[in-house]
Amino acid sequence: MRIFRIAAAAVLMVSLAACGDDSPTTDSDKITGNITLQTWALTPKFTDYLNEVIAGFTAKYPGTSVKLLDQPGDGYSEKVLAQASSNTLPDVINLPPDFALPLAKQNLLVDVGKGDDLSKTYVQGGIDAYKFNGVDGVYGYPWYLNTDLDYWNVKQFKDCGLDANTPPATTQELFTQAATMKAKCPDNFLMSRKPDVSDFVRAGIKITSDDGKQFVFNTDQAAALVDQYRDAFAKGYLPPSVLNSDYQGNSKLFTQGKVAWTTGGATGLTDFQRDNPSLKGQVAVSKALDTPPLYVQGVSVSSKSRYPATAKAFAQWITNADNQNKFGHLVNIFPSTLASASDSYFGSDDGTPAGKAKALAFGELKDAKNLIPYEVNADMQKLLDQQIALAVKGDVTSKKALDDAVAKMNQMLSRQ
Amino acid sequence: MKALRYFLLAFVLVITVGPFLWELSTSLKGAGEDIYTQTPSFVPHQPTLNNYAKVADAIPVWRYIGNSLVVAALTVGGNILFATTAGYAIARLRFRGRSVVLGLFLSTLVLPGEVTIVSQYVTVRDFGLADTLVGVALPGMVAALNVLLMYNAFRALPQEIDEAAIVDGATVPQRLLRVSLPAVRGTLAVVAIFAFIQAWDDFLWPLIVLTSPEKYTLTVGLQYLSGTFTQDQRLIAAGTMIAFIPIAILFSALQRYFFRGVEEGGVKG
Amino acid sequence: MKTQRWFTPWVLTIPALAWLLVFSVWPSINTLRLSFTNAKPLGGDVDFVGLRNYTDMLHDGDVRTALLNSVVYMAICLPLLTILPLLLAVLVEKRLPGISFFRTAFYVPVIASAVVVGLMWTWLLDDRGLINNMARALHVVAQPVPFLTDRWLVLISAISLTVWKGLGYYMIVYLAALGNVRKDLHEAAAIDGAGAVRRFLTVTVPGVRGTMFLVSILVSVAALRVFSELYILTGGKGGPGGKDQSLVMLIQQYAGGFYGNFGYASALSVLLFAVTLVPMIVLARLNNRSER
Chain B
1 MRIFRIAAAA
11 VLMVSLAACG
21 DDSPTTDSDK
31 ITGNITLQTW
41 ALTPKFTDYL
51 NEVIAGFTAK
61 YPGTSVKLLD
71 QPGDGYSEKV
81 LAQASSNTLP
91 DVINLPPDFA
101 LPLAKQNLLV
111 DVGKGDDLSK
121 TYVQGGIDAY
131 KFNGVDGVYG
141 YPWYLNTDLD
151 YWNVKQFKDC
161 GLDANTPPAT
171 TQELFTQAAT
181 MKAKCPDNFL
191 MSRKPDVSDF
201 VRAGIKITSD
211 DGKQFVFNTD
221 QAAALVDQYR
231 DAFAKGYLPP
241 SVLNSDYQGN
251 SKLFTQGKVA
261 WTTGGATGLT
271 DFQRDNPSLK
281 GQVAVSKALD
291 TPPLYVQGVS
301 VSSKSRYPAT
311 AKAFAQWITN
321 ADNQNKFGHL
331 VNIFPSTLAS
341 ASDSYFGSDD
351 GTPAGKAKAL
361 AFGELKDAKN
371 LIPYEVNADM
381 QKLLDQQIAL
391 AVKGDVTSKK
401 ALDDAVAKMN
411 QMLSRQ
Chain R
1 MKALRYFLLA
11 FVLVITVGPF
21 LWELSTSLKG
31 AGEDIYTQTP
41 SFVPHQPTLN
51 NYAKVADAIP
61 VWRYIGNSLV
71 VAALTVGGNI
81 LFATTAGYAI
91 ARLRFRGRSV
101 VLGLFLSTLV
111 LPGEVTIVSQ
121 YVTVRDFGLA
131 DTLVGVALPG
141 MVAALNVLLM
151 YNAFRALPQE
161 IDEAAIVDGA
171 TVPQRLLRVS
181 LPAVRGTLAV
191 VAIFAFIQAW
201 DDFLWPLIVL
211 TSPEKYTLTV
221 GLQYLSGTFT
231 QDQRLIAAGT
241 MIAFIPIAIL
251 FSALQRYFFR
261 GVEEGGVKG
Chain Z
1 MKTQRWFTPW
11 VLTIPALAWL
21 LVFSVWPSIN
31 TLRLSFTNAK
41 PLGGDVDFVG
51 LRNYTDMLHD
61 GDVRTALLNS
71 VVYMAICLPL
81 LTILPLLLAV
91 LVEKRLPGIS
101 FFRTAFYVPV
111 IASAVVVGLM
121 WTWLLDDRGL
131 INNMARALHV
141 VAQPVPFLTD
151 RWLVLISAIS
161 LTVWKGLGYY
171 MIVYLAALGN
181 VRKDLHEAAA
191 IDGAGAVRRF
201 LTVTVPGVRG
211 TMFLVSILVS
221 VAALRVFSEL
231 YILTGGKGGP
241 GGKDQSLVML
251 IQQYAGGFYG
261 NFGYASALSV
271 LLFAVTLVPM
281 IVLARLNNRS
291 ER
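Protein chains in written order, with the working numbering: chain B, 1 to 416; chain R, 1 to 269; chain Z, 1 to 292.
Hints may be right or wrong, so weigh each one.
To be verified - Computed cross-link-like contacts, DSS-like style, restricted to lysine-lysine with a CA-CA straight-line distance of at most 25 Å:
#1 B:LYS67 - B:LYS213
#2 Z:LYS94 - Z:LYS183
#3 R:LYS2 - Z:LYS94
#4 B:LYS312 - B:LYS120
#5 B:LYS67 - R:LYS2
#6 B:LYS280 - R:LYS54
#7 R:LYS215 - Z:LYS94
Calculated directly from the structure, the hints in this document are not laboratory data.
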C-alpha cells in the first residue's frame, strides 16, 4: 500500500541533480497572472465554497485566475514531496505544519510574516504553528483550527455503573472509571488508546532539550505513566487491539461499540453516526482530558511562484475572516482569525449534539495547545508507538522501552 | 464425485469472497444502517442503489474510468506485444546470448520494486510525459514476469510443431503467428489479465505522475470519496464495486481461453 | 538448414530488454549508487560515506529481525503456494455447470482492496473475532489467542493472508499451463487404470513442471518482499516493538516521509536484492538438475 512514500522520496533524490533553478520572474509586485491553488481532500464536498472564494478573488483583482488542484487525502505527503523535489510546487498550497517545516527548511516556502504583522489578523496559536525552530519567519497563514473532544458511549456507561453526565475529565479519572466499568462489565472496555507523546506533554514532561537537538522524555515520570497503562492493560481495561491501533484506531473501535470512549474533532459525532446510525442519541460529548490539543491547517506560498504577489494575496484572501467564517459554517471547524470571535455562530449551542460539540470545541480552543512538537514526525511517532506497545504488553520495562525509543528517535533527529 | 467437487468449490468460495461480499453489502446499505458492527453483517436491511448514484454525482466516474481504460489498454497492449515477441525468441529460437537474456529477465524479477519507481518519475518527466496518461502507462508496458510467463508457455510446446513448419518454409513471424501463438492463448489471457489489473489498481504511481484532477485514473479519483470531513463508507464501498466491475467482466470474458490449450490450437501432439 | 536470420531474435527481444533497462535496471543501479551516500529525501548535501550504511546494517537489530521474519515467511509460503493453487486449478479445470463463476470468485481476493481485507481479517483474528469466539464457545481455549499481537502468531496470521491472496493468483497461472497438458496422456493413464491421485502425480505434475518452477520463484520473491499483509494486520506498526516488520517495511520506514535516510534505505534495498537472489539461484539449479 504505502510503499509509495519510498517512491516519492526516491524521486526527490534522483531529481536533486536535475534541480536546475529556473528562477522565477519576480518582477511583478502587481497582483495579476494565473496561479494554482492546491488543497487537501476538500472536493467535491466543498467545491462550491472554494469556487466562490476564487470567484471573489478574481473579481477583486481583474487579470488574475486561480486553478484549483485538489489532491486526494491518501498519499498527500508523497505528492507534496514529489512536487517539492521537482520544483513543481503549486503557487498556493494547503499544508499542515509538519509538512511545511521541511519545505521551509529548504527555502521552498515564502516567509509570509516578513513586513506583515500577522498577529493583528490571526490568533497566536495559529501563527506559532508555522514558526519553526531553526528557521526565522512564518511559513504559512493559519487557516482552519480544530481540537479534540471526548465522546462516550451512553448505553455502556449506564449498563456498567457509570454516569455519562460526569465522564472522566482527566487521565487519572479515566483510570478510576475504567476500573469501575471493568468490575461491572468484564467484557467492556473504557480505555481505547495507549499513551503517545501528547500524553507526556499533557503530564508536563519535557520532550526535547532546550536546544531542540535531543529528546529527553525518557524520565521516571514518563515511565510511571506508561506503567500505569501497562497495569491497566494487564487488568483488562484496554482491548488487546490497542497494541496495533493506528491514529484513528480508537474512533473505529468506538463506532463498532467495542470501547466506550474515543477522542475526535468537533466533526466526530457526525462521522460516528453516519457510519453507525444506531449510535444516535447514544453518544455523550465532553471536553478533552486535561489539556485540549490544537490542530492547525494553513496555507503556504511557494517561493518559486511566478506571481508571488498574487499568490500571497490569494493566501490572505482565502484565510481572511469572511471566507473562514463561511467555511466554519459549512462544517464543524474553526476560523483562525481574531475577527471571527465576534461571529456568535461558533460559540452557540443550538441544543443538538453536534451543536453542543461545536460550542464545546470552540470554548476549548482558547486553552488548546499543540501537544505534539513538530520535531516529532510521523516516523518517530511510529517508533515510539512500537516501544510503548511492547511496554504496555509487559514484554519490557517502561523505562527500557522509553530509553530505546528515545535513542532511536535521537538517531533520526541527528540525521535531519 | 461431482458432489465432492462442488463441496470443495463451495468451501473455497466461502473462504475467498468474504471481503468482497461485505463491500457489496456495504455499498447497498441505506443511510439508516450500521456499517461497523461487532460481527460483520452481510445483508443490507434497507437495500438501496442510492450510493452508486451519489458516487456518480460526487465525482466524474465516467471520465476516470475512461482515463483508466486508456492506461490499461496501453499496458495490456505493450505486454501482449513485447512479452510475446521476447518470450518466443528466448523459448523457440537459438541464438548467441540467449541464456544471458533469459538471466537478465529473471534477475529483473528480483530487483526490489520498491526502489525501481524511484527514477521512473524522473525518466518519465524527462521524456516530457509528466501529467499525461501515456506517462502513467509507460513503465508498466513491459513486465519481466509476463515475458517469463510467455517464455514458459512457448517452451512447453512440442519441438515438432516448429520443425514441420520449417519444412513448409515458414518464416519466424509466420511460425510465431500461425503455429505457436494460437497454442498459448491461455497464457496470453493470463498476461492480459495481469497487465490490466496492474494498470487498473495502481495508486501511487498515477498520483505522482498526474497533477490535473481531470486526468486522474479511477483509483486516484475514487480517493475523493474519502475527503477530509466527508467519509461515507457506503459511497467508498460503492466506488470500490464500480472499480471492480471492469475487472470481473474482463476476467469472465478471458477465463474460457485458459482451457483452449494445445489440442484446440490445431497442433494435436 | 537455416531457419532464421541472425538478427531476428534480437529484433524480437530488444524492445522488452530496452524497456526493462530503462525502467528497472537503471533505477536499480542508481539505488546502488545511493547506498554509498547519506542522501536524504529532501534537499541538502549528498556525501559519499563509503560502506558506512552497510556496516550500520550489521549492527542493526531491526534488520536482523526483519531478515529472520522474511526468511521464515518464505520457508512457509513456498511449499504452500506452490502446491495449493495447483490443486485448486485442477479442481476448477473441469467444465462443470457454473464453474466460470467459481473461477472468477476464487480470483477475487487478488483484487480486493487492502483496507477491506484488513477489516475482514481483523474480524476473524481479533480477540473478540470469529475464530476466538468460536474457540472459546467450544472451550478449546480459555484465553483468547493473540493472533494479532504475539510476535510469531502475527507472522502466521500474515502468512495465512498471503496464502489466501495467492491462491487465486497462482491458480490462473496454473490453469493456463494445465490447458497445455496433453489430454491423450490422461486418457492413456486412465485406461491403464491409474486413479485420480496417480494421474495427478504422473501426468499433471510433470506436465506443469516448468510452471511450478516459475511459480515457486514468484512465491519466494513475493514472500521475501512481503509488505502489505504485515502492514494491514499490525496497523502499519509492525507489531509490538516492531518485531513483525519485514525488510520492505524497514525500507519504507527509512525512505519514506520528509525526513528519511535515503542512503540507508538504498543499502537495505541492495540487501533485499541479494537475499531474493538466493532462492532464485537455488531453485534454478534444482530445476536444471531435474530437467536433465
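Results of checking the hints against the structure:
Note on LYS67 (chain B) and LYS213 (chain B): the hinted pairing is violated, with a Cα-Cα distance of about 40 Å set against a maximum of 25 Å. Between the alpha carbons of LYS94 (chain Z) and LYS183 (chain Z) the distance comes to roughly 12 Å, so the proposed pair stays at or under 25 Å and holds. A C-alpha spacing of about 10 Å is found between LYS2 (chain R) and LYS94 (chain Z), which places the hinted pair at or below 25 Å, so the restraint holds. The hinted pair formed by LYS312 (chain B) and LYS120 (chain B) meets the criterion: a straight-line CA distance of about 17 Å does not exceed 25 Å.
A C-alpha spacing of about 63 Å is found between LYS67 (chain B) and LYS2 (chain R), which places the hinted pair above 25 Å, so the restraint is violated. A hinted pair counts as satisfied when its Cα atoms are at most 25 Å apart, and LYS280 (chain B) with LYS54 (chain R) qualifies at roughly 23 Å. Our distance criterion of 25 Å between C-alpha atoms is broken by LYS215 (chain R) and LYS94 (chain Z), whose separation comes to about 43 Å.
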